[in-house]
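Hey, can you piece these two chains together into the complex? The hints should help.
Protein sequence lines, in the order shown, are assigned to chains A and B. Per the numbering used here: the first sequence = residues 1 to 310. Per the numbering used here: the second sequence = residues 1 to 444.
Think of the hints as simulated: they come from the structure by calculation, not from any bench. Do not take every clue at face value.
Claimed, not checked - Partner residues are not named here, just some residues of chain A that face chain B (Cβ under 10 Å, in silico):
{"#": "1", "residue": "Leu86"}
{"#": "2", "residue": "Met90"}
{"#": "3", "residue": "Lys103"}
{"#": "4", "residue": "Lys153"}
{"#": "5", "residue": "Ile156"}
Even for Gly, the Cβ is constructed at its ideal location relative to N, Cα and C.
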Amino acid sequence: MKSALIQIDNLTKTYQGFKALDDFSVQIPQASIYGLLGPNGAGKTTLIRILNQIIYADNGTVLFNGHPLNAEDVSQIGYLPEERGLYRNMKIGEQLVYLATLKGMSVEQAKAQLNFWFEKFQIQSWIDKKVSGLSKGMAQKVQFISTVLHRPKLLILDEPFSGFDPVNAEVIKNEIIELKNNGTTVILSTHRMESVQELCDRICLIHQSKKILEGEVHDLQQQAKDRVYHIRLQINENRPALEEFISSCEAIFDVNFTGENKVDLKLNYADKDADAILKDLLSTSSLLHLEDQIPSVQELFVRNIKKHGN
Amino acid sequence: MNKLRLIIKREYLARIRNRSFIVMTFMSPMLFIVMLALILWLIQFNATSSDTKVWVLDESAQFEEVFSAQTLSNIELINQLTLDEALAEVAEKEVMGLLYIPKANSVEQSAEGAVMYSKSSFSIQMITPFELAIKSKLEEERLKNLGIDQGQFEEVTRSYSLKNQNYQGELNLKGINEIKAFMGGAFGYLLMMFIIIYGGLVMRSVIEEKSSRIIEVIVSSVKPIELMIGKIVGTTLAGLTQFMIWIGIAFVLFVLLFIGLGLGLDGLFEREQLTLGNDNEAFLQFSQQLEGYIQAVLQFPWESMAFFFMLFFILGYLIYSSLYAAIGAAVDQETDTQQFMFPIVLPLIFAMYIGFISVFDAPHGDIAVFFSIFPFTAPIVMLMRLPFGIGANLVEVWQLILSLILSFTTFLGILWLSAKIYSVGILMHGQKPSLKKIVRWIKS
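Isolated chain B, as found in the complex (with noise of 0.2 Å):
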């Protein structure tokens, strides 16, 4: 026990110290962050820039008033020139379109022949405003024609939406499904990634004891096994290290943002406010959603929801880092390691899929209970199913155990398969990994 600590001890401070870990710690939330500011930056750009300027001609001078009161900062109305003019400097001016609208016997005539002229095709994003601003004329149009008042009409097309209770009566929230498989999807997506990024850690931490040679001389004082438990459990406390630091950044960073966009929150209500038009009624029920939102969110289990969860990452994490020490044991350098790979990320993805494809329609179907069972997939998709809550008709307890029973019994063969291809493996040198010679000694 002592020396297994001593062992995760040195593989903690060696990793912890390692300076492409600490770049890699301090750097990634900043590239991340940059990354997103471009992302942002660039939205921004194109929303401003000149090249998305659309020029309005309309003949018919039926349109102006809808253009003109269009949000749309990116519109030039120009009246003075002819089509075959326009177009000319279009091409000239770089503007990106140039919108046509006939002079016509009727609003209805010279919509149909109204066109858009583009350098190329238009996005439909691009495109949906002008179609949106052409149709409320129409309709103005045929609701005048019509001799209905523009007050009995939105009386007529007022939303309409259906509560959902459950058996209980409680409200249900439209939507709060796809919040809870996202957040589900999001933890998997996080334990296939320290999977990855942490097994691959362990592998390297195996394979550089081995080029360097100093491995018969600890196993002249451990056994392999311990030093592959004290491996493991190093490498995985300083990626636990790393993630609350990057916990820890990305709060300040929010807080931060949060601080400082105080005013765009305020911003962002009232760009909401006036989407949803002047209509303080809808607002207020949007408002309202969104509070039962947050509140169904914070009412999860949170509690028995944390624990399963570490439960599943820490198994699912010692199951594929101990393949992962394997494989560093059985190779000579990183780079024979490709073959290996794949036959270990591919449940993982198998299992990432899974959950996206049948977990997100029915979380509780038996495609999605089984694979929260099969040890393999096991943490991803039970990951992924959790936030649905535990209980009859949800995840169900004797699935619980069964899959953490499962996964727990796969871990201790894995792990006895892993020891064993692992004392042998270490002592191996100049020697071409195959499947067939792991299988040798796992046998001897």
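Chain A with its partners taken away, still in its complex shape (with noise of 0.2 Å):
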């Protein structure tokens, strides 16, 4: 694992006798993408808010390059909360150059950053343009530009494909995809399991303020595999010998044959034998196709879900 960006050890935060969160500790690596997933209410917002110090934890550290996470940070980290919105009556550039000064830019370096962004979208012509005067979409568009305007270490973003068209959608995934490759980390989080298969490097599933699942996205899908093979098979030859061969094999179920000689099953290739069988069924059938199933983030999400109880 690459060196890590963010090292949070041991964190709760209690509202009211409310355990908002449990506990948690998680490692964020330099210039990768960390999906934060969860059912609604399971945490996700209030370990956000902690790292944008909007809330402080009870017990527990944050790391943040090394050091603990200070007020310094905040010009070091972008923020695009799920609950966002610009202010109405002010222009779009104007507004913009405020929110990257907040975070500790100065004006001409805002303005050149604000120009090499609007150019990057072809929306100059918004500059000087109140966010009331646009449409939901190109508002969203002006809101993601106003959290990288100030280059951040540390993009959070909370829900950023909604609100957006398909089209649009995309020009966002391949700017967050390009500001990875350009050493910046990304905390996304989303309930979109696709962008998360798509984009994310690890992944960390909270639920009911637990982590209870997190690691690289290929080897949670790895691990989490049922290593059952998908087979479809064209009987070629003795099909009574084959059926009998099939029924004796405990590694082989969910036996279906179909018309013109073909058979679906499946092999437990767990079983020591399976090499064997695989052959075995071979000498007489052809292989249609072989699929080696391996869990969605969705998959892994619902079972792991389900495993915890709601």
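Quick look at the structure:
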């Protein structure tokens, strides 16, 4: 694992007797996209707000780039909250420069960055418009720019794709990937599992204020798969013998003969004879399809939440 | 600090550029002037309209002299009609009243029998000139009967006024206390209006950030208390700008009025002279008195007063505007603020009443002193007491200092409390605010 930009140890936060985060520890590696998943009310927003120093933890520590997180670090963090908005009656350019200067940027730098992004998105004509004159999708684009304008090391995005049409969602997705490739660390909190699958290097699943699953997406999927090949065969000869062989094998299940001498079956390859069985099968049949089923992030999510009880 | 400056600047510009702010700034003085002109015109209109015409039917023929000499322009003497005819005609012609004085053996009896007929009952203001006119004729008649000369009578009834000096032997002006109290009242009222108008603006600005949902982005960059202080200061500066513009406009208009009505002012003195009779001595006395008042007003300790005015004005405003900010943070929409408005406005109104009732009566009495020290009423009540002067037996220095310390401490306390409510409240959406909830926020 790359060195960690964020190291969270034993974080606890309680609201009037309700535990929003319970002994929560996690490391977020530099220049990666880190998925923060969990059902509503699991504690994601609490964690994000602690990272933004909007609220403070009761216990535990947060290290940012090796030192305890402090007020100076807000200039290194870009935050796109789920509940977001802009000043409706302020010109967009002015507003973005204001937000960037609040993050510690100089006006000149902010203006240069503003021009860079507006050119990139081909929206230079919006600079003197007011937000009240923009559509929701347009406003979301401006909001995204406001989050990255001050070139933060850490980007915290809470449902960044909501409000975007598929084309613009793709644009934003590519921007996120580009930012990551340029060294930005991204924390992505979303319920859109296909985005997580596509973007995230690592994920953390929070449930009832506790971490219940954490790791690299690929590893987690490999660990979680049920080790079963989904196989389809074309039976070439001696069907009765094959049928008999199949029914004698404990590693084979869910057998389904279909027309024209085809059969669908599942083979548990955790079985020690799996390779031999496969060889035997293929001696009288030819392989039409073989799939090692890897659970999607969606499945990981649902399975783990179910396992830990609702 | 740098962030605070940025916030103040944004808040200030956001207020100043707001269309309704600009309209308010330039329209209010216009509206005020239009209203004033309207009132003046209405008074003028009332005075000359035929509705106020009064017919006088003097059968005794004793009072013609006093009524024709009257400066009242709306009197018409009608001697050719009988009472019945006159009454019939009065109703038709929409004349306001008919004064009937019957013929009798003596002036006294005629006056006794006189009746003012009218469509509706007369106001005191309307009937007094007629009473005075009849009375003056009666006095003249009685003096004649008693054999007293008019000059002797005036000598007997010449007015007298007791001089009032302080222990140092300086002459006190009667009524100067009323002028001082009036000035204090005006400043207190100004502060109250300032609090209500600009405190409300602070509140709305907080609600706006909440409802546009930008608040979470902002507080990820700055501390809530910085944001709150920035809002209060920025809005206050915008308010002061508006006030300055108003004062500027008022000054320009005053100068214009002065130049334009230069003649009118002379007219005023002439009329003053007229009402006092052509008695030069009385007029001289009056103008001397007037000069004395002007002198006295100019001799106020303006510098120290201005300084303390500023201090109390700012402190009072800060105490209340941080409360307004907290309310703004606790609610989602402006309509939810109603329940919290009353507890805020109550002490302000209370302070004004205290001021008008007890400061006017006894500016340095126990009640006035107490409420000029009690922090929630202190700014207004102290502003009302200050024109009476600072010193022994006046606004004493210890009172000033205690009041300032208490007000400042209260301000810090309120600021702390408001910041607590603010920092929790700004992230709460879709919750109906209640005092219970707010107390919980403060505890958390």
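Now the hints, each set against the structure:
With a cut of 10 Å, the hint placing Leu86(A) at the interface with chain B holds, because the nearest CB-to-CB distance is about 6 Å. This hint holds: Met90(A) has a C-beta 7 Å from the nearest C-beta of chain B, less than the 10 Å allowed. Contact between Lys103(A) and chain B, as hinted, is supported at the beta carbon level, the nearest pair being about 5 Å apart and thus within 10 Å. About 14 Å separates the beta-carbon of Lys153(A) from the nearest beta-carbon of chain B, more than 10 Å, and the hint is not met.
At about 9 Å, the closest approach between the beta carbon of Ile156(A) and any beta carbon in chain B falls short of 10 Å, and the interface hint on this residue holds.
Going through the hint list in order, the structure does not satisfy hint 4, though it satisfies all others.
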